[in-house]
Amino acid sequence: MGATVDVSGGCEDHGMPLPQPDDLTSLVLRTDFRDNRAWDAVRAALDAADEYCHATYVSELRFAGAGVRVLVDEEAAADEEAQIIHVFLADAATMEDPHHALLAVDLSDEPGRTFRLPAQWFPDVSANLSIANMDFAEFADAADESGTFRGFDEG
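Residue numbers for the sequence shown follow the working numbering, so the first one is 1 and each next one is one higher.
Worth flagging that the hints you see were computed from the coordinates, not collected in a lab.
Careful, some of the hints might be misleading.
Simulated DEER-style distance windows between Cβ atoms [to be verified]:
#, residue 1, residue 2, range
1, D23, D144, 27 to 35 Å
2, A142, R37, 28 to 36 Å
3, R34, V70, 16 to 24 Å
As the structure is a prediction and not an experimental result, all values here were calculated from the model.
All C-beta atoms, glycine included, are put in the ideal place defined by N, C-alpha and C.
Whole structure, please, built from the sequences with the hints as guidance.
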């Protein structure tokens, strides 16, 4: 199971860097707070996708409704040692999607580039990004016409 950080905070906490994920995991940042059961289902789906932990879950109210541009700007303003290179958002679309597709966001090479990632593919993408075995662009380039990564075509 992934680590969870639940910290209550207000929107006045802007200007703080994104939390650091645990070693060899990716940050899964909750931005939609309408339904706690949906958040629990997203975490359960991600945890069930692999036997190893690939996520550091963060549920902080200061990120409620935060969009890609806000997160990119916040990371760009952070000290270089505190910056992370990618984040996965559990936004409104994630909470409503039966496949719990996270929004993957590049914060480094092409800041703001995104693709959707169903829970079943999260362990592979997270592991490869965490150890820098593959670049964000490789997954984004392999996304289908809907902007969703569904694995690599082995054909």
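Structure-based check of all given hints:
Distance hint check for D23 and D144: the Cβ-Cβ separation is about 31 Å, which falls inside the suggested range of 27 to 35 Å. Taken as a hint, the range 28 to 36 Å holds for the pair A142 and R37, whose Cβ atoms sit roughly 32 Å apart. At roughly 19 Å, the beta-carbon separation of R34 and V70 lies within the given 16 to 24 Å, and the hint holds.
The structure agrees with every numbered hint stated previously.
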